[in-house]
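**Student:** Protein chains in written order, with the numbering used here: chain A, 1 to 103; chain B, 1001 to 1230; chain C, 2001 to 2426.
Read the hints as simulated data drawn from the structure, not as lab findings. Careful, some of the hints might be misleading.
To be verified - Coverage of chain C stretches by chain B, computed from C-beta distances (three or more under 8 Å per stretch; other residues unrestricted):
1) 2066-2073
2) 2102-2110
3) 2134-2145
4) 2150-2158
5) 2381-2389
What the hints assert, rightly or not - Every beta carbon over 12 Å from chain B, so not counted as near; a handful from chain C, in silico:
6) ILE2120
7) SER2164
8) ASN2203
9) SER2264
10) GLY2334
11) CYS2341
12) VAL2350
Where a beta carbon is used, it is the ideal one built from N, C-alpha and C, also for glycine.
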Amino acid sequence: MGGVGLGPYLMVGAVLFVCGVVCMATKRNAIGVLMGVELVLNGANVNFAAFSRYTSLGLDGQTTALFVIVLAAAEAAVALAIALNFYNNHLTIDVDSGNELHG
Amino acid sequence: MTDELLFWVFSILVCGGAIAVVATQNVVRMAFWLVVSLGSVAALFFLLHADFLGAAQLLIYVGGTVVLLVFGVMLTASGPYVQIRTSPAEMIFGATVGGGLFFVLFSSIGWVDWVSLSARLPATPAIPAASDYAQESRAGQQVTVAGSSSPAAELDAQQQQGRTIRQLGLGFLGLRPDRNLKEGGTRGLAPGYLLPFEIISIHLLVVLIGASYLARAKRRVDRNESRGLG
Amino acid sequence: MNGLFAAITLQDFLTSLVGGFARSMKIDTETTATIAFFLAALIHASLLLGLFAGLPVFYIWLERKVAGRIQDRLGPTRVGGSFGWLQTIADGIKLIQKEDLVPEDADSLIFRMSPYLATIASFAAFMVLPIADGWVAVSAECGAFLILALMSLEVLGIILAGYSSGSKWALFGAMREAAQMVSYEIPMAICALIPLLIAGSLNFQVIGRMQSGWFWNWFIFHDPFAFLAFFCYFTVATASVKRAPFDLAEAESELVAGFHTEYSGFRWSIFFLAEYSSMFAVSAVAALLFLGGSNVGLFGIDELLGHLRGAGTGALGIEGFSVGTYLANLIGAGVLIAKGCLLVFVQIWVRWTLPRLRIDQVMTTCLKYLVPISCFLFLMAVLWPLVLASTIRRPTFSGQPMGDKSVQHIAVPAVRVASKSEGVAR
């Protein structure tokens, strides 16, 4: 009745986190970068829920994961508003064209 | 073994979906694989006895955030023949960085002895069998583990069955009946989450007002005008 | 999983059934438990699939008959006798044998997957619905919240279907549809919260049990705000399953056919299966939350059924199985399905009576009218016990505090939570 144990869940969280980081780093579409952020936050949530189940963290882990979900939704809304403004100004969603401040 | 089978099925979906999000070039397909991945994460939450968390994940992430992202994709679409592709050099660099990060995380998970660390923590009480739960629902009464008289043990047994919602609700109101500061002492219960709950409520309101103000309909800048500014 | 039997679940029953067979084949107990688990899951899923696929067959026939009668004509009368009983089957056969078209501009993976996304969202809602007092696939403690979450996944199927079709009519329909469904989730959750306040639990079985007895125990009669909340919830639920007068997604006069313009044959029928099943799901949720669920509520029939439960235990030689409970559950299931079908009939009736709303009228109705109304009803429903307690010195008319039966069993050690309910109950 113990389930698979803590290690496998942490591995899943690690895979999600790494995929999110690579997505944030390589995608040129701003919405693609946002999807990377969501993957990172989900990796963290899986970690919290796993520790909540398998150690004495208890409900604190689940509460933190709930806060993370709510805050991630708020942050996605703001990031989308910024992306829409970017699109309105540059007429493209390619983040590589946001280079007016360099040099 | 049921737990293990279900865990492997859903974790393959999670990891496969996440890798597909990175690998796909079409942003709408990325959204689809994100839905697969996040839905399977919700299933993993149900396996971890976090029922309310899994339902919240489905409602907010899959039913809200991904819909928001798809709306963003549709509003910023650049036409069917324009593909924003990542150059191969950047892909290789990204894959190297990702591989290094994954190696760091993987080795740190492998080196820590979770079993002995968990064994040094306070023991969890016995988990009631499924038949006790069926009897409870028929009689309309609460399950008590045979021989356990401690209410903390009963609350922990509830957590093991995934029935966390009442305890989560009390926690958000400021009560933590499952966590005494000093066992049998006079200091009372651990502080709850009332203040963060209120802060997050106001935070959500402020953020959404700000986001809708930022995203309001404005005059679209002409391409020549934008080149003149830069 | 709580199953069909009184004291044992379907999984335990199958474990004992398969156990003897497994011991002869030298399979260990853990594998036996796993096999029993998946067998039980398969049986639950097949039973729910029967409900999920069988009811739309009836509803499509009902819709055509009701539409015909409202328009002063007969409706289908040829297939299967003079009432056209088998018309839906004939339509289904026609749709299955059509050519499977995928447009050239369409994104083929998403085009193929989105009908199934919508169906998964609609079907998953059935797993937390208690068809009778002891018959539920997953007795989740957060059942009502889970249903709201699962029904909100249908939006994704709609948007992806419209976007991947590669046609501008489909895209417009999908955008309007997504905005409508997402906006109407807010008043739906608030109106569904009002009976949950009264019950004090999110578990549908507990809510159903609290409404047993006579029909004035139903939550719709609990206070005037719950009464109004039922009508508000029903309106919002009709909008959320994109039924007329909120059916711009299928507005034939405006958008060809909205998000399913490019879908034909079997894929189109999957969308309609999902829509009619969602109609039944929201009607069943309304019946469970407001109209007493699987309780009859008249002439003391519930008391008789209560005596019937537990009778004939072990009669058929199966340990823990009671024939009386099975019969009582069967009657309860019939009652719930009848209540759901009645509400679906009202939805069909409204469709053929009222004209269609424009998209700006739909959004105005939601955001400017229904959200403030539902927030006001919620506030008043919260203040109602306070008003009653200060005037007639009891939180409810019947003397039982709100949600008392589920609050009684909170184990709060050391610190006693001082509350009115504890004072009254103990």
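**Student:** Would you mind marking each hint as holding or not holding in the structure?
**Tutor:** Here is what the structure says about each hint:
1. 2066-2073: violated (count 0)
2. 2102-2110: Coverage by chain B holds here, the residue count being 4 at a Cβ distance below 8 Å.
3. 2134-2145: holds (count 6)
4. 2150-2158: Result for this restraint: holds, n = 5.
5. 2381-2389: With 0 residues close enough to chain B, the hint is violated.
6. ILE2120: The assertion about ILE2120(C) is violated, with a minimum of 9 Å to chain B.
7. SER2164: Contrary to the label, SER2164(C) does not stay out of reach of chain B, its closest Cβ about 7 Å off (not over 12 Å).
8. ASN2203: Check fails; 9 Å does not lie beyond 12 Å.
9. SER2264: Answer for SER2264(C): holds, closest chain B Cβ roughly 22 Å.
10. GLY2334: 21 Å, holds
11. CYS2341: 27 Å, holds
12. VAL2350: The claim stands: VAL2350(C) keeps its Cβ more than 12 Å from every Cβ of chain B (closest is about 26 Å).
The earlier numbered hints that this structure contradicts are 1, 5, 6, 7 and 8.
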